[in-house]
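One-letter residues, chain by chain:
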Amino acid sequence: MTIQNDVPITAELIKAHGLKPDEYQRILDLVGREPTFTELGIFSAMWNEHCSYKSSKKWLKTLPTRGERVIQGPGENAGVVDIGDGDCVVFKMESHNHPSYIEPYQGAATGVGGILRDVFTMGARPVAAMNALRFGAPDHPKTRHLVSGVVSGVGGYGNSFGVPTVGGEVNFDPRYNGNILVNAFAAGLAKTDAIFLSEAKGVGLPVVYLGAKTGRDGVGGATMASAEFDDKIEEKRPTVQVGDPFTEKCLLEACLELMASGAVIAIQDMGAAGLTCSAVEMGAKGDLGIELDLDRVPVREERMSAYEMMLSESQERMLMVLKPEKEEEAEAIFRKWGLDFAIVGKTTDDLRFRILHQGQEVANLPIKDLGDQAPEYDRPWTEPTPRAPLAKDDIPQADVADALLKLLGGPDLSSRRWVWEQYDTMIQGNSLQRPGGDGGVVRVEGHDTKALAFSSDVTPRYCEADPFEGGKQAVAECWRNLTATGALPLAATDNLNFGNPERPEIMGQLVKAIQGIGEACRALDFPIVSGNVSLYNETNGQGILPTPTIGGVGLIDDWAKMARSGFAAEGEMILLVGAPDWWGTHLAQSIYMRDLHGRTDGPPPPVDLAHERKVGDYVRKLIRSGVATAVHDVSDGGLGVALAEMAMASGIGATVNQLNNGDPIPQFFGEDQGRYLVTLNIDPQGEDFNAMLAEQKQLGIFAPWIGSTGGTALKLGEARAIAVADLKAAHEGWFPAFMAGELAS
Amino acid sequence: MKSAVVLLPGLNRDRDMIAALTKISGKAPVTVWQTDTDIPDVDLIVIPGGFSYGDYLRCGAIAARMPVLKAVAEKAAKGVQVIGVCNGFQILVEAGLLPGALMRNTSLKFVCREVKLQVTNANTAFTRGYTQNQIIRCPVAHHDGNYFADTDTLSRLEGEGQVVFRYAEGTNPNGSLNDIAGIVSKDGNVLGMMPHPENLIEAAHGGSDGRALFESALGLKTAA
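Residue numbers (our numbering), protein chains in the order written: chain F, 1 to 745; chain Z, 746 to 969.
Read the hints as simulated data drawn from the structure, not as lab findings.
Small disclaimer: the values here were computed from a predicted structure and weren't measured.
Some clues are possibly wrong.
Within a straight-line C-alpha distance of at most 27 Å, the following computed DSS-like cross-link-like pairs (lysine-lysine) qualify [as the list claims (entries may be wrong)]:
(1) Lys450/F with Lys614/F
(2) Lys772/Z with Lys450/F
(3) Lys772/Z with Lys191/F
(4) Lys966/Z with Lys772/Z
(5) Lys336/F with Lys815/Z
(6) Lys768/Z with Lys561/F
(7) Lys854/Z with Lys142/F
(8) Lys772/Z with Lys815/Z
(9) Lys768/Z with Lys191/F
(10) Lys861/Z with Lys728/F
(11) Lys450/F with Lys768/Z
Per the computed footprint, the stretches of chain Z lying under chain F, defined by three or more beta-carbons under 8 Å from a beta-carbon of chain F, are [as the list claims (entries may be wrong)]:
(12) 749-758
(13) 791-804
(14) 856-862
(15) 935-944
Backbone N, C-alpha and C define an ideal beta-carbon position, used for all residues, glycine too.
Just chain Z, with the same shape it has in the complex (with noise of 0.2 Å):
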């Protein structure tokens, strides 16, 4: 499967995807650059973590305003996977392709760790490789990770399973409601998350719990 990694002035874990997709699928993802209008055919497009355009306004909102992320939207609305991590899930809420709002963490600080993640929906591309509940580690790296929406939402993203990574065993770092760390859209092909599982995917890093996420949206795994 081919995969697509959307560049925007300001992120900078665009070279930790770039090698996390290519070490686990064997290839180099194609970029695609701001301007850009048009993205090539590929069956996955991940918009990394970073800090686009500074973050000078909202985090996120310049960016879901910029050409390149029309043309997610399109190819999303075609049923192409995308994942956002971090400044990209971000991105994603504000471009409207993902419900809620991503706020300030309640330390008012930024935070850097490892943290736990419960796998609270294994039926989707993304966490397939996973079992259901099951629990893995995860590090975070953000400021603005603090998940936000509104009471109707909420239920409907909890009954609809849409939630799919949680922070477990008391480590939700930034105070998301319901200890939300990741979520899909409805159609399911859309995943936003906080954590940043290219950072655990080989022995260097101390563990690949991180590794099974690509290997699901690459159809590399298929099941648990």
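For reference, chain F alone in the conformation it holds in the complex (with noise of 0.2 Å):
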């Protein structure tokens, strides 16, 4: 009995699909004659918005991806930058939002697995992972089951691949109840003369299939994460893949030793739409035609029909063009791996895309339009309108030791040891900066002196009030996050992740925070060099806050002068560097204001990118003349957050100013930007403190001296003194009180 591939092309098929009315009017000219089954659902994985960033693309063409170091932008599996002495770091950031909701163990693991293999897949072994993790209310019935599920996920593929985590944020907001975010960040070194690429060259060239067998798992996974949830959502529990974290780190080693052998032309892994997407984008990268042969594939589900097989996405599988000289070496590494390897198909010079199964054509299609002519939209958008600034005497007021606690004890700022204890931070030996701190830091194996810094960053609320400055905050955060360790920021990868796009709203919040995100990466020669885009984030036509995530790293060449966060010793001064005439300012969509009072009104603090960039090249020019002790951003919760943490990170306590006659207010909870605090080793009778405030003046920084370090206890101002094991109790105890559901809802 054949396997059925000749369903009948119906209406409702079509939408089913996701294809629209005009979309599939454009299939129908394109091929000149109705699409088969399988064709249908080879132009639905490859034209759904996951795939084609059909209402994204223009937009996302504004972003600056180029720069000095820049070896491959956008397009690739991953960005690659030159870090000096032949080696070039290889990174990217992916979102898993849809499956981690169905299915939050696998959907995240997958999500690792996806990303990591995106990385290798250039031929660049992994050395750093992080996650950004969105979730909705605490008190949301489900909230404690995703982010058991989506943490325990994260760990258990990252941690059995061996790849240590290094960073990474978790966030709570009630916009993402029916519809968490799981963006997942990986990166790799490799040496830049020995990057894969995915474009195929040479005609009647064998395409190998490497790695696992094909199942049906994951079928049409593509297309559904370009749709919106509704209350069916569990009906969608099958399009969620399962991930195999042993096969994956076999895949891993199998493919160096492959890419070291000289065996590889071009390479591609199977993500979304698996064989589909991989072998389109082999062939038409490299104008060349494909023809596979279904029945070489190796399976391990019984009578899977052409269709299944082109839209499965199981994991850890890759597609090679080989060079046939090398075929029998190539094989004898995936056997020893116990990996499947089999040719699969030809690289033609036809420009078709041809697929075989049991001796039937089940597909031909043009190769090169199945990329190039999907519907690009130049969707309409209207601009988010600003909010009010608040009123100069609208301060709303609290006791400044009894907020602290409170911010330092609540969701969004409490510790994330609970998380991060389930990751391998530590494996490969490198991790020199684990999470916990501003960045995590890697050192580079095989060099004496340097080290990466990665950072992952985005404030949705900003983002929700003002999409453009949102956007540039994302970008300068990170940027900021990367300098305080003494870290040059190299270059970015973006994860935007917003709600519909056919809702003009939306669009608009998408089309501004691309257009902050691009000033921001200008001003700071902050490239961006991969991404991706998830829409559709909406559950019952409620959208999530946008949040377009940034990860970022940076380079420091000697980590021996990279600066931490915990307070260095006692007696040192701190200073405020960057800070307004009124140390802090702006309270409108802080923390503060937000969980004290219940407030989410007025516009985000802006961030002035010309005196960012001026900021942090002189922060970083402290930290490489070993001058600073201690650096630390400020960012949520403002100056008095930021201090706790840097008490809380060694124990050492510190003892803080206000201005005279001010408000406390604004100064230790507004959340103005561009500021960070520094310790200094310094005599504040000396010379060279002396040189110091003359550079700065002559730099226009401002950078008051706010205190001092010493004793073990936190005194802001006026407020009552805290003690550090205080300011810990309420850190450490929120997340696992919360996890235990000890917490009153």
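Dock chain to chain to rebuild the complex, using the hints, since each chain is given by itself in its own frame.
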């Protein structure tokens, strides 16, 4: 009996594939006949939002993607940036939002697996991972289940694969109640002369299938990820893939071994829309046709149709174009690692994508049109309404010490130890700074002094209030966090998570956020070299907070001189570098306003990019000169929280002044941008300090001496002193208690 | 002294272990593969950590049945020193080279953090570089490190000084009986431990408390 490949094409079937009537008409025009069932599946996979970027392409093109050190920008599996000495860093961030909501463990696990594969497909050994997670309100009935599943999924995959998780974010907001975000970042190291790309070269060469077998898991996953959710979401569980980190680890070793043997011409991992996307990508990029014989594809389920095989998202698979003379050597490497190796097709010169199954041709499509002719939309969008600033005297009061304890012990600012202790943060033996500080830092193996810094940032409530400023701020904060370690920020990857782009106000958020990101990246010389767009993050018409996550990479020349965030010693002066005249002024959109007064009105703090750059460059110089003993950026929660974090990181307290006749609330809880706390090992009466003041004056940087380290308590202005131990108790307490179900909801 | 590192699919701290042995001894260890039936003449064999064969059966159970483990057992019987760290410890237990079992952590979660260890027997080939009852720092990273043994085995281990490392100062991360973190075989030439001394051997690791273990085993340090 033959497997059914000839399902009739109906209007309903077309709709079920997420194709709009005009898009289907475009298919008819391109093919010149009614597509087969398999062909319809292929179009749906290639033309959905996830693979085609049809709503965002117009705007993504405006982002800066080039720079002196950029070797490979967007368009390949990951971006590549030169770090000198013949080495380069390969990195990308990608979302796995919809699958993680449906099946948190596997959704998150395969998100990690997918991004690791993107990195090692290019010939890089993964050296660091991060993940940015956004969940619904802590008291929402599904939240704890999702946190628990996602965190163990991220850990389950990354720990077994063997990559250290060095940073990330975890936030809660009711707007993610029905649509959580799981954004996974990975970075690897490669040699600049041994980068592997997906572009196929040469006619009549073998197309080889590598890795795990193909099953029915994930069929139609990319199409699912491009649709909104409703209450029937549970029915979509079978579209989530199942991860196998053991196979992935073997695949990594086998691929790196094979690449070193010189057998690989082109390689592409099978991610979204598996065999379809990978084969089309390799052929179209190389101006070649591809012919696949599905009877040769290793399968783990019986009687799979061509449609299922072409759309399966089974994990841990690769497609490769191989030098024919190296075939035997290549096969031996894969057999050694217990992996499948099968020649499933060849490159052709006719620019067709031909699929054979059981002796029949089930698809024959113009390969370049599948990608190039994908619809591209200039969707209507509306300019977000600017929010009026708060009145000058609108400063809701609270006891400073009580407020600090409440913020530190709240959902958004409490310690994430419960999360990151489930991740292996030390494997590979190169982690110099682990989660909990400003950025993760990993030493470059084989080099005496070099290290890479990593940070992932975005403040969704700022983006909601002003997408343009929020986009700028996400980039600036990432750049700032890298700088706070002493690193020179090199480049970034963006993971843009938004709602339904067919709604003009959502499209407006996307457009303005991209514009803000672009402006900040240009001003800070921080190009975007890879990324991913996740749209339709809505459930029952309620969109998520606009969340353009930025993952950045920086280079530290000498890690012996990098900065850490904990106070280093007693009796050191604390400078607030980059402060406005009033130290802190901007309360609107602060966590203080939201969590203590329930207010979310007003604009986010603006980012002055020229100031940002000037201050950051200055702080980096202080770190590299060795005079700065501890450095921490001031972000969520403002000056008070930043000081507390520095105290908790080392156990050393501090006494900090406040401005005379001033209101302490904006000083300690305002979230003005572009500020760093820096402690100095310097004599305040000495010449060096005077020279420093002169330089600050000349640069136009305000860096008031706001207090000194020492003791075992933190004293903010006139507020009562809080023992560092009490700060820690509040900070460490919330997450474990929440996950144990001990918090009253 | 020469050393060898056992490589199995799914192990992932092999590179950490090779780096540590190379940095401490000045020469790279030889490596042996899962199917090797013969191990070259070495003084120390190390089975590193990871997730051999995905740990899809009981941790270490598949590895224990691979040809190379038979070769390890033969060497151990001849008195060659063997260290199993983390998954390596689980494998040695599954292979019957060490008594007891390693169960899921009582938290039911993977745990990666730094703990304190007490050197409860500094008279072994692996610990002579430490002082008796010395407290050292050491990272752990595992899901199944909860050491268990029946009462007789446990009292024998304790009585014979086979417990060499104990989690100290309330840092037991997994619920192990008697806070056991590492044990040696009856003959004293096989060591199994859950913590990762190879991740604490140099300034970049923030400390070097793990170094003396390898220096002891490699004969570079014979007393604290």
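Each hint, compared with the structure:
A hinted pair counts as satisfied when its Cα atoms are at most 27 Å apart, and Lys450/F with Lys614/F qualifies at roughly 24 Å. Between Lys772/Z and Lys450/F the CA atoms are separated by roughly 23 Å; this keeps the pair inside 27 Å, and the hint holds. For the proposed pair Lys772/Z and Lys191/F, the alpha carbon gap of about 25 Å is at most 27 Å, so the pair holds. With a C-alpha separation of about 16 Å, the suggested pair Lys966/Z and Lys772/Z falls inside the 27 Å cut-off, and the hint holds.
A distance of roughly 20 Å separates the Cα atoms of Lys336/F and Lys815/Z; the hinted pair therefore holds under the 27 Å criterion. Distance check on the hinted pair: Lys768/Z and Lys561/F sit about 23 Å apart at the alpha-carbon level, within 27 Å; holds. Restraint check for Lys854/Z and Lys142/F: the C-alpha separation of about 20 Å stays at or below 27 Å, so the hint holds. Straight-line distance between C-alpha atoms of Lys772/Z and Lys815/Z comes to about 26 Å, which keeps the hinted pair within the 27 Å bound.
Simply put, Lys768/Z and Lys191/F have alpha-carbon atoms about 23 Å apart, close enough for the 27 Å limit, and the pair holds. Between Lys861/Z and Lys728/F the alpha-carbon distance is near 20 Å, which keeps this suggested pair within the 27 Å criterion. For a cut-off of 27 Å, the pair hint linking Lys450/F to Lys768/Z stands: about 18 Å separates their Cα positions. For the segment 749-758 of chain Z, the assignment as covered by chain F holds, since 4 residues bring a beta-carbon within under 8 Å of that chain's beta-carbons and 3 suffice.
Taking a C-beta to C-beta cut-off of 8 Å, the segment 791-804 of chain Z contributes 6 residues in contact with chain F, enough for the three needed, and the coverage statement holds. Here's how the segment 856-862 of chain Z fares: 3 of its residues keep a CB closer than 8 Å to some CB of chain F, so the rule of at least three is met and the hint holds. Given a C-beta distance limit of less than 8 Å, the hint that chain F covers the segment 935-944 of chain Z holds, as 3 residues qualify and 3 suffice.
The structure shown violates none of the earlier numbered hints.
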